[in-house]
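Here is how the chains run, residue by residue.
2 protein chains.
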Amino acid sequence: MNVAPAALRDLVRGIFEKHGMSAAHAALTAEVLVWADQRGMGTHGVMRVPQYVRFIGKGDLNPKPAMKRVDRGAAVVLLEADRAAGPIAMMEGMRAACEKAKSAGIGLSLIKQTTHTAALGYYTQSAARDGFAAIALGTSSPLMAYHGARAAGVSTAPLSIAVPGEAEPFALDMASSMISMGALAQARRSGKSIPEGVALTADGAPTTDPTKASIPLPLGGAKGSGLGFMFECLASLLVSNPILAESLERTPASRQHRQNGLAIAIDVERFVAPEVFRREAARLAADLRKLPGDEILMPGERGARKAASQRESVSIADSVYEELKAL
Amino acid sequence: MNVAPAALRDLVRGIFEKHGMSAAHAALTAEVLVWADQRGMGTHGVMRVPQYVRFIGKGDLNPKPAMKRVDRGAAVVLLEADRAAGPIAMMEGMRAACEKAKSAGIGLSLIKQTTHTAALGYYTQSAARDGFAAIALGTSSPLMAYHGARAAGVSTAPLSIAVPGEAEPFALDMASSMISMGALAQARRSGKSIPEGVALTADGAPTTDPTKASIPLPLGGAKGSGLGFMFECLASLLVSNPILAESLERTPASRQHRQNGLAIAIDVERFVAPEVFRREAARLAADLRKLPGDEILMPGERGARKAASQRESVSIADSVYEELKAL
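Residue numbers (this note's numbering), protein chains in the order written: chain A, 1213 to 1539; chain B, 1213 to 1539.
If several chains are the same, the list does not tell them apart, and a pair holds so long as it fits within one copy or across any two.
BS3-like cross-link-like pairs, simulated, lysine-lysine; straight-line CA separation at most 27 Å: (1) K1314 - K1280; (2) K1502 - K1424; (3) K1230 - K1280; (4) K1280 - K1270; (5) K1518 - K1404; (6) K1537 - K1270; (7) K1276 - K1230; (8) K1518 - K1502; (9) K1404 - K1424.
Treat the hints as calculated values from the structure; they're not laboratory data.
Given the structure is predicted, the values throughout are model-derived calculations rather than measurements.
All chains, please: the whole structure from these sequences, using the hints.
Have a look at this one:
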């Protein structure tokens, strides 16, 4: 069904407020989730709301977090997120990285102990609109196969990079897996078989059967799982909050849902006039669009087009809407 | 044939000295190239020497660069590399990033106008041995297809991430292409057909014919070419030295070989005691190695094993050795 984005945001905001979030936190979390739906990333959209509510119920997500920004140097910040909703912690982390970048040229935030980080592109694009080149990544429990292993060993290692662009920032959003968890879930629902070489069964056997596929394979084998390994080292081990090892060893701590994040901002105008940067980025895009090919899109362009088409009305599954209404 | 690494380094150093490099620059360039051969990355090893010498002859590579480190903030440096050999510029850039990280927590170097950056892992692993988490990336002329296009549009977008590890750092080295330029060249020589979906002919047609394959396809489609786009924005547009657009527009500047690089260092001990970090990284590796599977390697492990086996004697192609002797 189709819903006005403002109405959807209100609905979601109300749910989170009812479950203990401040008005500001509920509004930002709703904003980030609806943004993902508008950009066509439904798996990171409002269909996550029931899960977030369950996390609150279990105590995994703290609706009233006491986040603590700990200065660790002229350009680095540790954000103790106190189990805040991902959008709250990641936006705060990105803001802190941008502040550091403003004073030092580059800024790094390590976001410790947050929950589902939602669509990383929201945070990087927000920074890019403010004149920064921004990088965000996250790490979670083992979901993706480690190259050579017949089992999940690393997170799907999501990465977003955004830079100031034309009207909208140029923005790359990717997981380091051959297929996303969302696409696997969708294949399961539709019953459509999946391509060879993108996923394993729960027992670690290669499969194209959507009902049995549960572990995505890493992009480029050792490359994708290497990114997963490194993201855990950067986002989790630097802040002494290991997620993968705890899960692989099935420790009590691993029963709690948690994620860590990392945000880097680079102040563009330290190096080049922002309008020159934007002009050169647009020039590169124009040159690439002129290459022979059928549909040549710049990073983030598909999402931006979808968002433009869903500015007034966003499409979400009936079942999701019913669930939200019930909440 | 097999050569003692020290003898090979001496030979290469002599060649570069003869072509105008200082003893220190010639020694470092030789060191980085031989290191790649020892780790089994022959395509980034001494087989590059004749190319570097040609670059010197054409004036593309400056054997006596006047590199200039320009401070752009508490945590950022612009290194004007003056067409220095990649190993010289990238090591200087990584060193500058580490110095900034030591004082500010994170440091960024943008390395403007260097030449072939060689094996990025050398620079990141060097920083990791000194206690930093390090990231390096490079950008060059269009080599890899842009997703959706039937032509090369972006570089192969090499990326390296290294962190302090067990005896050796954990170190990811990857190109963002389905197949490396080196592997394509190797297939061409051996005549062995290449897998489907990894490369195009010069005319942009899909091929498995090694004699016709010349343009690698991007890893994961839009993901790999998106990384290529972003690396150009970060390494080239921030320093006002565009490479891709100039090449795509065939401007006079594009006739010169040149590359740009980026180095980031994060000072591990700002966040956690280095021995705790190393212990946790080793714990993660141990947990992953216990997963069911046949050969589960950590990032950089294959190269480290190869290097251990080639500590006393490194294997290089007879033809390459003859070429070096002739030089």
